[in-house]
Amino acid sequence: MFEQALTDLWYGFGVALEPHNVMWCFVGVFVGNMVGVLPGMGPLATISILLPLTFGIKPVGAILMLSGVFYGAQYGGAICSILLNLPCHPPHAVTCLDGFPLTKKGRGGAALGITVISSFVGASWGITEMIFLAPILVMVALEFGPAEICSLMLLGLLAGSTLARGSPLKGVAMTIVGLLLGIVGSDLETGTPRFTFDITHLYDGVEIVALALGLFGIAEFMKSVNQYSEITTTYSHVKLRDLRPSRDEFRRSIPAMFRGTLIGSLCSLIPGTGPTIASFMSYATEKKISKTPEKFGTGMIEGVACPEASTHSSVQGDFIPTMSLGIPGDAVMALILGALMIQGIVPGPQLIKEHADIFWGLIASFWIGNIILVVLNVPLIGLWVKLLMIPYKYLYPSALFFVCIGVYSANNDMFQVGETIVIGLAGYLLLLLDFHPAPVLLGFVLGPRFEENFRRAMLLSRGDFLVFIKHPISAVFIFLCVVLIAAQIYVRLKKPKVVEEFELDTGGKEAPVPGE
Amino acid sequence: MFLQTLVRKRDFYAGGLMVLLGGAVALDSVGNYELGTLTRMGPGMFPFMLGIVLTFVGLLILGAAVATPLGEDESILPADKQWRGWGCILAGPILFMIFGQFFGLFPGTFMCVFVSALGDRTATLKGSFILAFSVALVGSLLFVYLLQSPFPMFKWGF
Numbered sequence: 001m002f003e004q005a006l007t008d009l010w011y012g013f014g015v016a017l018e019p020h021n022v023m024w025c026f027v028g029v030f031v032g033n034m035v036g037v038l039p040g041m042g043p044l045a046t047i048s049i050l051l052p053l054t055f056g057i058k059p060v061g062a063i064l065m066l067s068g069v070f071y072g073a074q075y076g077g078a079i080c081s082i083l084l085n086l087p088c089h090p091p092h093a094v095t096c097l098d099g100f101p102l103t104k105k106g107r108g109g110a111a112l113g114i115t116v117i118s119s120f121v122g123a124s125w126g127i128t129e130m131i132f133l134a135p136i137l138v139m140v141a142l143e144f145g146p147a148e149i150c151s152l153m154l155l156g157l158l159a160g161s162t163l164a165r166g167s168p169l170k171g172v173a174m175t176i177v178g179l180l181l182g183i184v185g186s187d188l189e190t191g192t193p194r195f196t197f198d199i200t201h202l203y204d205g206v207e208i209v210a211l212a213l214g215l216f217g218i219a220e221f222m223k224s225v226n227q228y229s230e231i232t233t234t235y236s237h238v239k240l241r242d243l244r245p246s247r248d249e250f251r252r253s254i255p256a257m258f259r260g261t262l263i264g265s266l267c268s269l270i271p272g273t274g275p276t277i278a279s280f281m282s283y284a285t286e287k288k289i290s291k292t293p294e295k296f297g298t299g300m301i302e303g304v305a306c307p308e309a310s311t312h313s314s315v316q317g318d319f320i321p322t323m324s325l326g327i328p329g330d331a332v333m334a335l336i337l338g339a340l341m342i343q344g345i346v347p348g349p350q351l352i353k354e355h356a357d358i359f360w361g362l363i364a365s366f367w368i369g370n371i372i373l374v375v376l377n378v379p380l381i382g383l384w385v386k387l388l389m390i391p392y393k394y395l396y397p398s399a400l401f402f403v404c405i406g407v408y409s410a411n412n413d414m415f416q417v418g419e420t421i422v423i424g425l426a427g428y429l430l431l432l433l434d435f436h437p438a439p440v441l442l443g444f445v446l447g448p449r450f451e452e453n454f455r456r457a458m459l460l461s462r463g464d465f466l467v468f469i470k471h472p473i474s475a476v477f478i479f480l481c482v483v484l485i486a487a488q489i490y491v492r493l494k495k496p497k498v499v500e501e502f503e504l505d506t507g508g509k510e511a512p513v514p515g516e
Numbered sequence: 001m002f003l004q005t006l007v008r009k010r011d012f013y014a015g016g017l018m019v020l021l022g023g024a025v026a027l028d029s030v031g032n033y034e035l036g037t038l039t040r041m042g043p044g045m046f047p048f049m050l051g052i053v054l055t056f057v058g059l060l061i062l063g064a065a066v067a068t069p070l071g072e073d074e075s076i077l078p079a080d081k082q083w084r085g086w087g088c089i090l091a092g093p094i095l096f097m098i099f100g101q102f103f104g105l106f107p108g109t110f111m112c113v114f115v116s117a118l119g120d121r122t123a124t125l126k127g128s129f130i131l132a133f134s135v136a137l138v139g140s141l142l143f144v145y146l147l148q149s150p151f152p153m154f155k156w157g158f
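Protein chains in written order, with the numbering used here: chain Z, 1 to 516; chain A, 1 to 158.
One chain only, chain Z, in its complex shape (with noise of 0.2 Å):
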């Protein structure tokens, strides 16, 4: 298995070095990297931005170029935390605890020196994990019948829309709004039109792109205007020469950075936990087993390396459930499989098999990818430091543009843009609600494919709601999915001590921009 693993990825090597993959993966995490660094953009918006304009590339080329761009805005958002203080990218909230700090001692080169080299350390095991762990996955996952999809795929919503931030009741409430816009179109067995209100431009269905941009595009813009004060730049300029850690700091890193990656790659097995859990649990740990918890939060190095290398790690890990069981963990990866689906592929665990260009071609190009990034990182970080200058006031109204004219080229049709309207403004009145959109997309992706399985399995049973407690594949998932839901109830109603510590530790710091 291992001399098999060795070879595909070979074959992978192959096709993500063709240099027009590279190109694109150049691009995507350029662009990442890029808006990873301005405050009030996120990887969400860019990536439903760009998905358009992938329709006319290979679906190699388009794949790489998008998750390009997530783990490159990844690369971004520690910048941003660790110089201005402000916690734009919610997986690198809690780097603003300890990176700011340092910045202020002057230390924050070395802060963002570090990040670079705990980045790459989560990332490359992230990848390995992805290697090994998928096609074990896959050879499961093969067998399963309509009845385990089904089940799989309600542990992968309920997982998804609960352990996100926020009420669980309100994620499940979102899932099920979005698995309702899933509807939306001809039914797939019957061609009946529901949900379309005779609107012609309907009956094809909710378009991804619409849905996405108006939930984090103008929903997000609404949200935020006027929201962003100046920002001070006074302690941000860094030099090249400045990233290089003391010997010091880089020796109380090291340990720091594995338990990182640890944290982020079990965190990212659990579909739902995605980056942000992953590195506020992993913060809490760090705190909790140092030696001088009492200096965190005052520029511990370590204290920027643990989150950093389990954000990463994690990222990558992330990739995992949605490339093998099509089963996407958060709205990020959601977007990705929808970019899968419209050119035409499946999504699922037959994907390794007929689409092994893809598979391995995009876990090759995370490395290339994570090491594009650490080269640009270094003499580019003088850039980077003069885009956290560009006032929000100027970013919307461009950001904007991109978004009608990225929601127009999807199908060159004005209609989608009216649609986006709409969908950006229900969006807003929802998160005014304390609503999180992110689980909209993640059931609105999975709708159509969890309905189809739902039928045929209740088909195949002869309408017996037993089946998914007879086999006994799904019975395991039904079980997790129980346990998901007692769980939940057993933290809301008794709060244990652990949840009280961990949100004590983290100081309840929030990012202001939910939606990831």
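Source of the hints: derived by calculation from the structure; they are not laboratory data.
One thing to keep in mind: the hints can contain errors.
What the hints assert, rightly or not - BS3-like mimics (lysine-lysine), calculated; alpha carbons at most 27 Å apart, straight line:
{"#": "1", "chain 1": "Z", "residue 1": "393", "chain 2": "A", "residue 2": "126"}
{"#": "2", "chain 1": "A", "residue 1": "81", "chain 2": "Z", "residue 2": "393"}
{"#": "3", "chain 1": "A", "residue 1": "126", "chain 2": "Z", "residue 2": "386"}
{"#": "4", "chain 1": "A", "residue 1": "81", "chain 2": "A", "residue 2": "9"}
{"#": "5", "chain 1": "A", "residue 1": "126", "chain 2": "A", "residue 2": "81"}
{"#": "6", "chain 1": "Z", "residue 1": "386", "chain 2": "Z", "residue 2": "104"}
Said to hold, decoys possible - Residues from chain A that keep clear of chain Z, each with C-beta distances beyond 10 Å, as calculated:
{"#": "7", "residue": "8"}
{"#": "8", "residue": "46"}
{"#": "9", "residue": "66"}
{"#": "10", "residue": "103"}
{"#": "11", "residue": "104"}
{"#": "12", "residue": "128"}
{"#": "13", "residue": "153"}
Where is the CB? At the ideal position from N, CA and C, for every residue including glycine.
Let chain Z serve as the given structure and place chain A on it in line with the hints.
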């Protein structure tokens, strides 16, 4: 008294909205689409089930709202209301649709960026104009010439 506190809670509206939405979907599925049987489901069955579940979840949210004491900040609109910002952000894409449809990409982009930029509290007419003009120029050149979008840069008519 009980009702007076309840209607000030945010979750009262959040749960209520979900109950209404779920109920409407469930009723619509029964009324307009064929339910079929569990073995052979019609187009209405799946949305009907989802509607029921959503109503139930909405009721739970409502129940939680009743059970928890009134929080400090429960108003739905944020403390500083950005009517101008919100209006401008929504007006931008609407103007993009109108001007884009009738006059082409350049005027559409210009109007979209110009109006939405005015939503910022510190925005000036001159600054917004310069921003809108440059974005429109770069954007339309990028999309029309580089990315070969079928959107004409200028046109006239309906």
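Each hint, compared with the structure:
no.: 1; hint: 393(Z) with 126(A); result: holds, 14 Å
no.: 2; hint: 81(A) with 393(Z); result: holds, 17 Å
no.: 3; hint: 126(A) with 386(Z); result: holds, 24 Å
no.: 4; hint: 81(A) with 9(A); result: holds, 19 Å
no.: 5; hint: 126(A) with 81(A); result: holds, 25 Å
no.: 6; hint: 386(Z) with 104(Z); result: holds, 18 Å
no.: 7; hint: 8; result: holds, 14 Å
no.: 8; hint: 46; result: violated, 5 Å
no.: 9; hint: 66; result: holds, 13 Å
no.: 10; hint: 103; result: holds, 13 Å
no.: 11; hint: 104; result: holds, 12 Å
no.: 12; hint: 128; result: violated, 8 Å
no.: 13; hint: 153; result: holds, 12 Å
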